[in-house]
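Trainee: Letter by letter, the chains look like this.
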Amino acid sequence: MKRYFWSFLVIVALTVPGILLRQTLDPATIGMFYLLGVVGISFWWGQGPALSASFLGVLFLDYFIIPPYYNLSVANPETWMTLIVMLVESLVISALATKSREAEKHRIAAENEKNRNALLSAVSHDLKTPLTGIMGAASGLLEDNGSLNAEDRIQLSRSIYNEAERLKHLVQNLLDMTRLDAGTLKPNKEWQSMEELVGVAVNRVKPRLTHHPLTLFLQPNLPLAFVDGLLVELLLLNLLENAVHHTPPNTQIRLSVKKRSGQIELKVSDRGPGLKPGEEKSIFEKFIQGYHSGGKGAGLGLSICQGIVKAHEGSIEAANQEGGGAVFTVRLPTGGTPPIIQEE
Amino acid sequence: MESLKQTILCIEDESPIHLFLKTALTANGYAYFQASTGEEGLVQAATRNPDLILLDLGLPDMDGLEVTRRLREWSKKPIIVISAKEREEEKVAALDMGVDDYLTKPFGVPELLARIRAALRRNQSPSNSADTPVFNHGDLKVDLVHRRVWKGEEDVHLTPREFKLLACLVQHAGKVVTQRQLLTEIWGEAYINQAHYLRVHMNNLRQKLEKQPGEPQHFLTEPGVGYRLAVD
Chain A
0 MKRYFWSFLV IVALTVPGIL LRQTLDPATI GMFYLLGVVG ISFWWGQGPA LSASFLGVLF
60 LDYFIIPPYY NLSVANPETW MTLIVMLVES LVISALATKS REAEKHRIAA ENEKNRNALL
120 SAVSHDLKTP LTGIMGAASG LLEDNGSLNA EDRIQLSRSI YNEAERLKHL VQNLLDMTRL
180 DAGTLKPNKE WQSMEELVGV AVNRVKPRLT HHPLTLFLQP NLPLAFVDGL LVELLLLNLL
240 ENAVHHTPPN TQIRLSVKKR SGQIELKVSD RGPGLKPGEE KSIFEKFIQG YHSGGKGAGL
300 GLSICQGIVK AHEGSIEAAN QEGGGAVFTV RLPTGGTPPI IQEE
Chain B
0 MESLKQTILC IEDESPIHLF LKTALTANGY AYFQASTGEE GLVQAATRNP DLILLDLGLP
60 DMDGLEVTRR LREWSKKPII VISAKEREEE KVAALDMGVD DYLTKPFGVP ELLARIRAAL
120 RRNQSPSNSA DTPVFNHGDL KVDLVHRRVW KGEEDVHLTP REFKLLACLV QHAGKVVTQR
180 QLLTEIWGEA YINQAHYLRV HMNNLRQKLE KQPGEPQHFL TEPGVGYRLA VD
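Just so you know, the protein sequences line up as chains A and B, in that order. Residue numbering for the first sequence follows numbering that gives the first Met the number 0, starting at 0 and increasing by one per position. Residue numbering for the second sequence follows numbering that gives the first Met the number 0, starting at 0 and increasing by one per position.
Chain A extracted, bound-state conformation:
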């Protein structure tokens, strides 16, 4: 009902300048105002209000604008023609505008549907791969009629464990991604110690670092930074895991943290195959994997990083470094002057 009320108001509002200008302008020209009003109404409030506005518009046109004023009678057949044509135009326009509005709705829905399908198929593929491994290995153990030796059984169990680990990782990434995507994750900023966040991330990634020597460079006396500790830790974790994933064993990974003119600069560099030209931006997109990734992971890690950086109003960029390998540079605002700690 509200929509009808508003569309009624629009017609009334258009009548005011109409009355003021009825001496100078041709009624047909003033009729154009009403047409414009009907287009707007059908766009904002849909077909019903547009139809009633069309009839109301013609009625008002006749009553207020076409002489004799304040009278519904019409002086000559020409005016009748104007009114009828006006009404038909108005009805056609409202129908067309409504139709294009519906079409736009459908287009957006189709787009969303397409994105959702792409997302679902990528996710289900990534979920199914480890699940297949788990089910296969488990059924191998279950249906064993004595032909498996101890070594086989250990291998199957290990495979179940490793695949479950992979699944856990993926589910975690998906959760992080949805939380970031939905914008529900407002950064919970506190004055954090970068050394501490680096320590947590490095300790967490360490089990996967067995074949990648990690060099850490922490600038001495880094100031506290006003960031969300859990998110920055997640950022570091994802950058380090990304480096482990995409580089061959026994290549160096380096993490450095420095202060640079009011910002904290985090750099993770590796000695892997680096980025293909043109990949610098696209690798941050969801489900996009780097050229060299060989299909490992779900392509979520870096888009999580980007989400986190955005939430902190910082920047992230990827490039190739001199001498080979990729380097990811993150800059986060420190958030001003840290609070003073009173020494004892």
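Since the hints were derived computationally from the structure, they do not count as laboratory data. Where a beta carbon is used, it is the ideal one built from N, C-alpha and C, also for glycine. Honestly, I wouldn't trust all of these hints.
Said to hold, decoys possible - Residues from chain B that keep clear of chain A, each with C-beta distances beyond 10 angstroms, as calculated:
1. THR25
2. LEU41
3. SER82
4. GLU87
5. ASP154
6. GLN170
7. LEU182
8. ARG198
9. ASN202
10. GLU214
To be verified - Straight line, CA to CA, 30 angstroms or less: simulated DSSO-like cross-link-like pairs of lysine-lysine:
11. A:LYS167 with B:LYS207
12. B:LYS210 with A:LYS127
13. A:LYS257 with B:LYS21
14. B:LYS210 with A:LYS205
15. B:LYS163 with A:LYS167
16. A:LYS205 with A:LYS257
17. A:LYS1 with A:LYS104
18. A:LYS258 with B:LYS207
19. B:LYS4 with A:LYS205
20. A:LYS188 with B:LYS163
21. A:LYS266 with B:LYS21
22. B:LYS75 with A:LYS205
23. B:LYS150 with A:LYS257
24. B:LYS207 with A:LYS188
25. B:LYS75 with A:LYS127
26. A:LYS309 with A:LYS257
27. B:LYS140 with A:LYS205
28. A:LYS257 with B:LYS207
29. A:LYS258 with B:LYS210
30. A:LYS188 with B:LYS104
31. A:LYS185 with B:LYS104
32. B:LYS104 with B:LYS21
33. A:LYS205 with B:LYS150
34. A:LYS266 with B:LYS207
Chain A is already provided as a structure; the job is to place chain B on it using the hints.
Mentor: Structure of chain B alone, referenced to chain A:
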């Protein structure tokens, strides 16, 4: 021999988890009892008086925090929370309510066994400073009575505040101590929201006592929750 086994009660509504825990824990010499609701868990805790309780926070009939509260009214036995929930506030609430430790699902058997052993050990020899005057872990040695700290052979000087923080962690060695607990104990109630005091002093401790402050071996951060002093 049955009676000498240490008993563990697990309150958890998922039967696959019971199966997995039962297999793992009985194989490692514990007697395992299970309950699938909070009510049942409280009854079993009272009748069986287990040495340790594993508690899932997401129970069908009752909030896990409520179970904790009711258990803590009469029992001092260690409680380890197992939860799929990622919400740090909830872990903190459980810890502040007297839970000893937590594990986030999914976890592996070695991790579970380590936490159970640590909790049982702490419970057997309540680690007040009189009982365990000297703490040793790796190259870190702390003598609480004589207020001395060593990193390997080197005698390290700490400020009074740093020592107080270290002492507090030593008294709860192996256990997560929440930021709130540390802030209250060392700076007082008024500082509960001043976590950066803690971070700066923890940085100092790491600078002085860790081989590589960026890869701490002793002073572990439990993100969003608190700190844990590592034990073997």
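Trainee: All hints, please: hold or fail.
Mentor: Results for each hint:
Distance to chain A confirms THR25 (chain B) as a non-interface residue, since its nearest Cβ pair spans about 18 angstroms, more than 10 angstroms. Distance check for LEU41 (chain B) against chain A: the nearest CB is about 31 angstroms away, which clears 10 angstroms, and the non-interface claim stands. In this structure SER82 (chain B) is separated from chain A by more than 10 angstroms, as the shortest Cβ-Cβ distance comes to about 14 angstroms. Here GLU87 (chain B) does not stay apart from chain A, with its beta-carbon only about 7 angstroms from theirs, under the 10 angstroms limit.
Listed as a non-interface residue, ASP154 (chain B) keeps its Cβ farther than 10 angstroms from every Cβ of chain A; the least gap is roughly 20 angstroms. Even its closest Cβ contact with chain A, about 20 angstroms, leaves GLN170 (chain B) beyond 10 angstroms, as expected for a residue assigned away from the interface. For LEU182 (chain B), the requirement that its beta carbon stay farther than 10 angstroms from each beta carbon of chain A is met, with the minimum near 13 angstroms. At the 10 angstroms boundary, the C-beta of ARG198 (chain B) falls inside the reach of chain A, the nearest C-beta of that chain being 4 angstroms off.
Not every CB of chain A lies more than 10 angstroms from the CB of ASN202 (chain B), the least distance being 5 angstroms, so the non-interface label is violated. A Cβ of chain A approaches the Cβ of GLU214 (chain B) within 10 angstroms, the least distance being about 5 angstroms, so the stated non-interface status is violated. Distance restraint check for LYS167 (chain A) and LYS207 (chain B): the Cα-Cα separation of roughly 36 angstroms exceeds the 30 angstroms cut-off, and the hinted pair is therefore not satisfied. Taken as a hint, the LYS210 (chain B) and LYS127 (chain A) pair is broken in the structure, with Cα atoms around 43 angstroms apart against an allowance of 30 angstroms.
For the hint pairing LYS257 (chain A) with LYS21 (chain B), the CA-to-CA distance comes to about 49 angstroms; that exceeds 30 angstroms, so the pair is violated. In summary, the hint linking LYS210 (chain B) to LYS205 (chain A) is supported, as the alpha carbons are separated by about 16 angstroms, within the 30 angstroms threshold. Taken as a hint, the LYS163 (chain B) and LYS167 (chain A) pair is broken in the structure, with Cα atoms around 39 angstroms apart against an allowance of 30 angstroms. For a cut-off of 30 angstroms, the pair hint linking LYS205 (chain A) to LYS257 (chain A) stands: about 22 angstroms separates their Cα positions.
Taken as a hint, the LYS1 (chain A) and LYS104 (chain A) pair is honoured in the structure, with Cα atoms around 21 angstroms apart against an allowance of 30 angstroms. Among the hinted pairs, LYS258 (chain A) with LYS207 (chain B) is consistent with the structure: their alpha-carbon atoms are about 22 angstroms apart, no more than 30 angstroms. Distance restraint check for LYS4 (chain B) and LYS205 (chain A): the Cα-Cα separation of roughly 35 angstroms exceeds the 30 angstroms cut-off, and the hinted pair is therefore not satisfied. The hinted pair formed by LYS188 (chain A) and LYS163 (chain B) meets the criterion: a straight-line CA distance of about 27 angstroms does not exceed 30 angstroms.
Restraint check: the Cα-Cα separation between LYS266 (chain A) and LYS21 (chain B) comes to about 45 angstroms, which exceeds 30 angstroms; the hinted pair is violated. A threshold of 30 angstroms between alpha carbons decides the hint, and for LYS75 (chain B) with LYS205 (chain A) the separation of about 35 angstroms lies outside it, so the pair is violated. A hinted pair counts as satisfied when its Cα atoms are at most 30 angstroms apart, and LYS150 (chain B) with LYS257 (chain A) qualifies at roughly 27 angstroms. A C-alpha spacing of about 27 angstroms is found between LYS207 (chain B) and LYS188 (chain A), which places the hinted pair at or below 30 angstroms, so the restraint holds.
About 45 angstroms separates the Cα atoms of LYS75 (chain B) and LYS127 (chain A), which puts this hinted pair outside 30 angstroms; it is violated. With a CA separation close to 20 angstroms, the supplied pair LYS309 (chain A) and LYS257 (chain A) stays within the 30 angstroms bound. Of the pairs offered as hints, the one joining LYS140 (chain B) and LYS205 (chain A) holds, with about 25 angstroms between alpha carbons and a cut-off of 30 angstroms not exceeded. Restraint check for LYS257 (chain A) and LYS207 (chain B): the C-alpha separation of about 21 angstroms stays at or below 30 angstroms, so the hint holds.
For the given pair, LYS258 (chain A) sits about 23 angstroms from LYS210 (chain B) by alpha-carbon distance, which is consistent with the 30 angstroms threshold. For the hint linking LYS188 (chain A) to LYS104 (chain B), the alpha-carbon distance of about 26 angstroms falls within 30 angstroms, and the restraint holds. Between the alpha carbons of LYS185 (chain A) and LYS104 (chain B) the distance comes to roughly 24 angstroms, so the proposed pair stays at or under 30 angstroms and holds. Our distance criterion of 30 angstroms between C-alpha atoms is met by LYS104 (chain B) and LYS21 (chain B), whose separation comes to about 16 angstroms.
Between LYS205 (chain A) and LYS150 (chain B) the CA atoms are separated by roughly 23 angstroms; this keeps the pair inside 30 angstroms, and the hint holds. With a C-alpha separation of about 26 angstroms, the suggested pair LYS266 (chain A) and LYS207 (chain B) falls inside the 30 angstroms cut-off, and the hint holds.
Of the numbered hints stated above, those contradicted by the structure are hints 4, 8, 9, 10, 11, 12, 13, 15, 19, 21, 22, 25, listed in ascending order.
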